[in-house]
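Asks: Sequence:
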Amino acid sequence: MSDDIQSPKKSGWGELGHKWITAIAALVTALAGAGFFIGRNSAQEAKPSAPATVTVTASPGVRPADNATSSSTPASPDPAIYWSGELEWGKFNFDINPPNYTDGEYIQYLGSELLYVNGKARVTAWKKGGQPGKADCVSAIDADGSNQTYVAKDNLICGQTAEGRIFLLSATSAGTTLRTQVTVWNK
568 MSDDIQSPKK
578 SGWGELGHKW
588 ITAIAALVTA
598 LAGAGFFIGR
608 NSAQEAKPSA
618 PATVTVTASP
628 GVRPADNATS
638 SSTPASPDPA
648 IYWSGELEWG
658 KFNFDINPPN
668 YTDGEYIQYL
678 GSELLYVNGK
688 ARVTAWKKGG
698 QPGKADCVSA
708 IDADGSNQTY
718 VAKDNLICGQ
728 TAEGRIFLLS
738 ATSAGTTLRT
748 QVTVWNK
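Heads up, the sequence shown is in the numbering used here, so the first residue is 568 and it goes up one at a time.
Bear in mind the hints are in silico, worked out from the structure with no lab data behind them.
Mixed in with the good hints, there may be bad ones.
[As the list claims (entries may be wrong)] Listed below are the simulated SDA-like cross-link pairs for lysine to any residue, each with C-alpha atoms no more than 20 angstroms apart in a straight line:
(1) K694 to N664
(2) K687 to A729
(3) K694 to Y683
(4) K701 to D711
(5) K687 to K754
(6) K687 to Q698
(7) K687 to N664
(8) K695 to E730
(9) K694 to G671
(10) K687 to A710
(11) K687 to E730
(12) K720 to K687
(13) K687 to Y717
(14) K754 to D645
(15) K694 to K754
(16) K695 to S713
(17) K701 to A741
(18) K720 to N664
(19) K720 to A741
[Said to hold, decoys possible] What follows is a list of derived Cβ distance ranges for each label pair:
(20) D711 to P644: 30 to 36 angstroms
(21) P646 to V705: 14 to 20 angstroms
(22) D645 to Q715: 14 to 20 angstroms
None of these values were measured; they are calculated from a predicted model.
Where is the CB? At the ideal position from N, CA and C, for every residue including glycine.
With these hints in hand, go ahead and build the complete structure from the sequences.
Replies: Dropping the structure here:
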């Protein structure tokens, strides 16, 4: 080959690896749900009224779209709910349904019981008794919402996304890993 002719640029695992991991994880999940690995007779029968579940997983240190788990109900029976489900934390943008990582706008669990916002979203710990609703969270965010808050097991965290959606996080476990039940309300 001549030095004047440039060869086409090749893509490697660094550029496309996360897409392949996600695709393989989705395939394995679908096959497991169909009973492929343990026999079709042991698979649960599909229920037409049951909502679909989305799961995305990978190893720590990879982009949060690949290292966090979310179980969601895409079509909520409550029209006021944008998204509801359980998350194992990495980085999430609650303006995306289901929540996922995006550059620029996300909320991240730093592993030291600290939720940190990158972008315009705001968060605050719920300091009153009981379970807050959307209006309660709006009041709490207006009073002392910021770009970070501490979270421990059984804490409730109110927040507002960059696009103005109100959300509530209920911590089911905290420490090196944070798991939360999440409700994101429509605007």
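Asks: Would the hint linking K694 and Y683 be met if the CA-CA limit is 20 angstroms?
Replies: Holds, because 18 angstroms separates the two Cα atoms, which is no more than 20 angstroms.
Asks: Could you grab the alpha-carbon distance between K695 and S713 and see if it respects the 20 angstroms cut-off?
Replies: holds (18 angstroms)
Asks: Under the criterion that the straight-line Cα-Cα distance not exceed 20 angstroms, is the pair K694, G671 satisfied?
Replies: Violated - the C-alpha atoms of G671 and K694 are around 29 angstroms apart, more than 20 angstroms.
Asks: Taking only the CA atoms, is the gap from K720 to A741 under or equal to 20 angstroms?
Replies: holds (5 angstroms)
Asks: Against the 20 angstroms threshold, does the CA-CA distance of K720 and N664 hold or violate the hint?
Replies: violated (25 angstroms)
Asks: Measure nothing beyond the straight line between the CA atoms of K687 and E730; if it is 20 angstroms or shorter, mark the hint as holding.
Replies: holds (8 angstroms)
Asks: For the pair we were handed, K695 and E730, check the Cα-Cα distance against 20 angstroms.
Replies: violated (26 angstroms)
Asks: Indicate whether the distance between the beta carbons of P646 and V705 respects the range 14 to 20 angstroms.
Replies: Given a distance of about 18 angstroms, which is inside 14 to 20 angstroms, the answer is holds.
Asks: For K687 and A710, compute the direct alpha-carbon distance and say whether it is at most 20 angstroms.
Replies: holds (16 angstroms)
Asks: Has the given pair, K687 with Y717, been kept, meaning a C-alpha gap of at most 20 angstroms?
Replies: Holds, at roughly 18 angstroms.
Asks: Taking only the CA atoms, is the gap from K687 to K754 under or equal to 20 angstroms?
Replies: Answer holds: K687 to K754 is near 16 angstroms, not above 20 angstroms.
Asks: Can the restraint linking K694 and K754 be considered satisfied, given a maximum Cα separation of 20 angstroms?
Replies: The hint is violated at about 24 angstroms.
Comparing the model with each earlier hint shows violations of hints 1, 6, 8, 9, 12, 15, 17, 18, 22; every other hint is respected.
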